[in-house]
Amino acid sequence: MSVPTYFYIFLSALLFLIGALGVLLRRNALVIFMCIELMLNAVNLALVAFGTARQSLDGQVIALLVMAVAAAEVAVGLGLIITIFRHQDTVDVDEVKLLKG
Amino acid sequence: MVEMILFILIGLVAVAAAVGVVAQRNVMYSGLLLVLNFVCLAALYILMNAQFVGIVQIIVYAGALMVLFLFTIMLLSGKRTEEAQGGLPAQGPLAALFAAVLGVEVLLLTSGWRGAAQAGSGVNLGSVQALAGVLFTRYLWAFEATGLLLVIAVVGVVYLVKGGPGSGARG
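Chains as they are written, first to last, in my numbering: chain A, 475 to 575; chain B, 6 to 176.
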């Protein structure tokens, strides 16, 4: 007996929710970034689950492309965080307020 | 039945690790719990017969990306990476409110979806051969565009961190 697809979808929704909550609650830029990764992974899980349910490979291919985009995003994001840390000496997103009027 | 038990066990570990990432005060522990979450998701992919995606998940996410993350944490640690208490007024309740709204929305969207019962016949569905057949035909342009995106990201990061004009020029 295999696992019904909506179990996977429920788990994916739960993980996405935890990631969104982390982005809203935490103020450390690195942790916020990790929570974004959590959300991307949750979406990947849903994609693969739907693809398996429909006996189609499209979901898995899109999941692979999402992974590549996530890799690019992590590289750029960590570069930004390091640059901000050099200039402001902090990774707390509440203290980075150069543009605040 | 075995699959169901495995799914529940792995799913519980994945959710616990995700909660740990958010709740943990120490950034280093957050990163390591995130690795645990990625490995759990890879196990779930393999459970769904998506072997190649599972292996790529371990190599790319739990391997490469997390090395990058942990490297950055080590680079910045010790100097004020712990966050101060306090912050925005009513951040907690507002976050809980928004998360509740989002949760209800997602559950409403997904609860209507039952679809076909998952057939267990797709044994070869996640094999490298089958995946490559689709990736290099129907999704060829998306694949090439992803390569271009990665190149642009690498060049951008080097420019960003080594210092372009007006960014301190420390490179």
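Treat the hints as calculated values from the structure; they're not laboratory data.
Only a predicted model underlies this, so the values are computations on that prediction, with no experimental measurement involved.
All C-beta atoms, glycine included, are put in the ideal place defined by N, C-alpha and C.
Some clues are possibly wrong.
A few chain B residues that face chain A, going by a derived Cβ cut-off under 8 Å, partial list only [claimed, not checked]: (1) Ala23; (2) Val44; (3) Leu46; (4) Leu81.
TODO: Mind checking the CB of B/Leu81 against every CB in chain A and telling me if the closest is under 8 Å?
DONE: holds (6 Å)
Open item on the list: So, as I understand it, the hint says B/Val44 touches chain A; can you test that by seeing if any CB pair is closer than 8 Å?
Closed with: Result: violated, 11 Å to nearest chain A Cβ.
Task: Interface restraint verdict for B/Leu46 against chain A (beta-carbon cut-off 8 Å) - done: This hint holds: B/Leu46 lies near chain A, its Cβ roughly 5 Å from the closest one there, short of 8 Å.
- [ ] Hold the hint about B/Ala23 up to the distance rule: shortest CB distance to chain A must be less than 8 Å.
- [x] Holds. Min distance 4 Å.
Hint 2 from the list above is the single one not met by this structure.
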